[in-house]
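**Q** Let's have the full structure, built from the sequences with the hints guiding it.
Number of protein chains: 2
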Amino acid sequence: MTVSIIGAGNLAWHLVNVFEEHDLRVAEVYSRKKKNAESITGYLYDVNIKSDLDFSNSPSKLFILAVSDDAIAEVAKALILPNDSILVHTSGGKAMDVLNFAKYQNPSLTIGVFYPLMTFSKGIKVDFKQVPLCLEAENDVSLALLRKLAMSISDKVDNIDSEQRAILHVAAVFSCNFTNHMWALGKEIADDASLDFEMLKPLITETFKKAMKAEHPANVQTGPAVRDDFSTIEKHRNIIKEDEELLSVYDSLTKSIQDWYQ
Amino acid sequence: MTVSIIGAGNLAWHLVNVFEEHDLRVAEVYSRKKKNAESITGYLYDVNIKSDLDFSNSPSKLFILAVSDDAIAEVAKALILPNDSILVHTSGGKAMDVLNFAKYQNPSLTIGVFYPLMTFSKGIKVDFKQVPLCLEAENDVSLALLRKLAMSISDKVDNIDSEQRAILHVAAVFSCNFTNHMWALGKEIADDASLDFEMLKPLITETFKKAMKAEHPANVQTGPAVRDDFSTIEKHRNIIKEDEELLSVYDSLTKSIQDWYQ
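Chains as they are written, first to last, in this note's numbering: chain D, 1 to 262; chain E, 1 to 262.
Just so you know, these hints were derived from the structure itself, not from any lab. Nothing here was measured: the structure is a model prediction, and the numbers come from that model. Errors might be hidden in some of the hints.
Identical copies carry no separate label here, and so any pair may be met within one copy or between two of them.
Stated by the list, open to error - Listed next, the in silico EDC-like pairs over lysine to aspartate or glutamate satisfying Cα-Cα at most 16 angstroms (straight line):
#1 Lys-156 with Glu-198
#2 Lys-122 with Glu-206
#3 Lys-213 with Asp-196
#4 Lys-201 with Asp-127
#5 Lys-255 with Asp-243
#6 Lys-213 with Glu-198
#7 Lys-129 with Asp-155
**A** Here you go:
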């Protein structure tokens, strides 16, 4: 299978890598700035670096849009693709139909989604076999082709439609983005009192392990909120009372935990 | 060193274990229900199981109160200890001076705190060498004795006074309790849409690893809030709008993240 990748960010870097590892040919990589595309394809011996969106002479059947969410519509509008090719985006946050902007230009296209449910950092390889790939396509033939590609690089391939993917994205915001922010706030609280955040890492690690092993993270919830320890809650509120923002987060999450276990 | 442990819960079980491993003698274990104390000391050949709080004939110099936060004051009031002994509690949430209830009965006591910053589950051993032990005592002699005991079982021993410990406890609530609740909410959102929470675990794991490795978790924050992606935020709010509680958590944390990166 021959694919072209539009974008040269973290995800594009990982895709180029994993496709190359599995002998899937990346024919083209596009970036507005040519040197970005060059920087992620240095080791490929036969790749066409593009800084324009005219792919009319491309040997590829599949075009993977790996650009930021905000750029998807704009790039889709400007794409010139060969007839009957498949165009997918890689976003958890956008519905498949944002790619209709490309279909207006070329109605012979099939659109779809190839969403890796993972966070990527440039230069740090991940074990792609463990990365869930969420697939969607307009028709079964294209879905089958995406599935074949996906299963050659990952053991965790699922058909997920746009509505489900949006919900998965919300779940990821809670489970990952908000969680990370809780750690940031924890470090801020420690730093402000000249306490070393390193002291908390063994407990954080153990909490993480327990939650991942539990049938439900709720089954291993601890802390003053779950045991209705109002005197400790008041003591905590008093400690952080001068930071209204922090207090409001504390109150909101304490209430949410209390309501869960009521 | 000879110690006595008052309590027979998860922490008591771990302390009995780790002291025994390091040839520190546990002379007595108290539990209101004798069989609880027996269940955690089955392998000790020379321990006095007690269900009353009269320790006047104890061979121990150090008494470790490992009961729930709510029970500390009540048990402290009822304790009868040998003169000149040291009494510590093991709570992150309570100040040292809650043990003054014991000093009223016996002014010759020295009070202190021996707080392991960790979550314990009965039956699952932890590597105590990695557990931060936070120490406090009324005087330097007792602190030195606590320190000697602590350093024989852990590589991470710190002097932390009651005020710092309270702040550390707040930081732990954010970093651990609230984080765990975020995972619970993430699972609930996934479950409600018949999506498998397992799909999110690789991303959660990667997020955890990144945050722990980063100089500051805030440096690796991702998601719609940090990039001011208002259309995704509105889409998410729309998805969860029927659950007021969840929406209020979403709004509170989104605002907190936005304010952080402003």
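**Q** Run every hint past the structure and note whether it holds.
**A** Results of checking the hints against the structure:
no. : hint                 : result
1   : Lys-156 with Glu-198 : between (34 angstroms within a copy, 10 angstroms between copies)
2   : Lys-122 with Glu-206 : between (28 angstroms within a copy, 14 angstroms between copies)
3   : Lys-213 with Asp-196 : between (28 angstroms within a copy, 15 angstroms between copies)
4   : Lys-201 with Asp-127 : between (24 angstroms within a copy, 14 angstroms between copies)
5   : Lys-255 with Asp-243 : between (18 angstroms within a copy, 14 angstroms between copies)
6   : Lys-213 with Glu-198 : between (23 angstroms within a copy, 11 angstroms between copies)
7   : Lys-129 with Asp-155 : within (5 angstroms within a copy, 37 angstroms between copies)
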